[in-house]
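2 protein chains.
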Amino acid sequence: MPNYNRSSDGTIESAFVALSDPTRRAVIQALSGGPASVSELAGPFAMALPSFTQHLGVLESAGLIVSKKKGRTRICALNPQALQNAEAWLAAHRRQWEERFDRMQAHLENVTKDNSNE
Amino acid sequence: MPNYNRSSDGTIESAFVALSDPTRRAVIQALSGGPASVSELAGPFAMALPSFTQHLGVLESAGLIVSKKKGRTRICALNPQALQNAEAWLAAHRRQWEERFDRMQAHLENVTKDNSNE
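Line order of the protein sequences matches chains A and B.
All letters in the first sequence, in the order written, are residues 1 to 118 by the working numbering.
All letters in the second sequence, in the order written, are residues 119 to 236 by the working numbering.
Calculated directly from the structure, the hints in this document are not laboratory data.
One or more of the hints may lead you astray.
Said to hold, decoys possible - The following label-pair restraints were derived from C-beta to C-beta distances:
{"#": "1", "chain 1": "A", "residue 1": "Lys69", "chain 2": "B", "residue 2": "Ala144", "range": "35 to 43 Å"}
{"#": "2", "chain 1": "B", "residue 1": "Ala206", "chain 2": "A", "residue 2": "Pro44", "range": "19 to 27 Å"}
{"#": "3", "chain 1": "B", "residue 1": "Gly189", "chain 2": "A", "residue 2": "Ser37", "range": "53 to 61 Å"}
Quick reminder that beta carbons are idealized off the backbone N, C-alpha and C, glycines included.
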């Protein structure tokens, strides 16, 4: 999407801060169905437009969404790469834990086997 | 881990709020290498212990870590299931977006083929 505006710092820090708010998660949920204009996105929220666009700004700074002007309308879209980066952070720590757990389990099985062979 | 204390609401809301703080992410990173006591975890942080244990409380309420008392020591451990829940939330929205993108691409290819056959 070369025409999309990407003014993002794209860090894990900013991604998780952005994801910690229910309005911003609802925007991600809405955009997972496809791109939408700011007013389409704002529709379901009982929120003043400036507050809502501030939420969009946090999502865009985090790199989770991208946006472009189309005439007088701003169209927003999901940036799947940023979601994948956050997934990768979580998966890396979960896998490290699980691998350690598997190694411990294998070690215990070996100890049990050795003891029963004695 | 039946002896671990699980006083968690385990929501996506509380997981992402917990993950939005750098100290709490550092705790997750440390625990991915294996269980640790509160004082072992607190060691690297220039932070008063009550503030640090508050961070552990947020992680435990979110279900991301579990803890148990062992004598006078509290041992913390990662709860991989909660990390996986957050991963699943992100993956579901990313995949929905990607599937929509693939369908759109396939549709455009069909339109191009039809036009070149006319």
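Hint check:
no.: 1; hint: A:Lys69 - B:Ala144: 35 to 43 Å; result: holds, 39 Å
no.: 2; hint: B:Ala206 - A:Pro44: 19 to 27 Å; result: holds, 24 Å
no.: 3; hint: B:Gly189 - A:Ser37: 53 to 61 Å; result: holds, 60 Å
Violation of the numbered hints given earlier is absent; every hint is satisfied by the structure.
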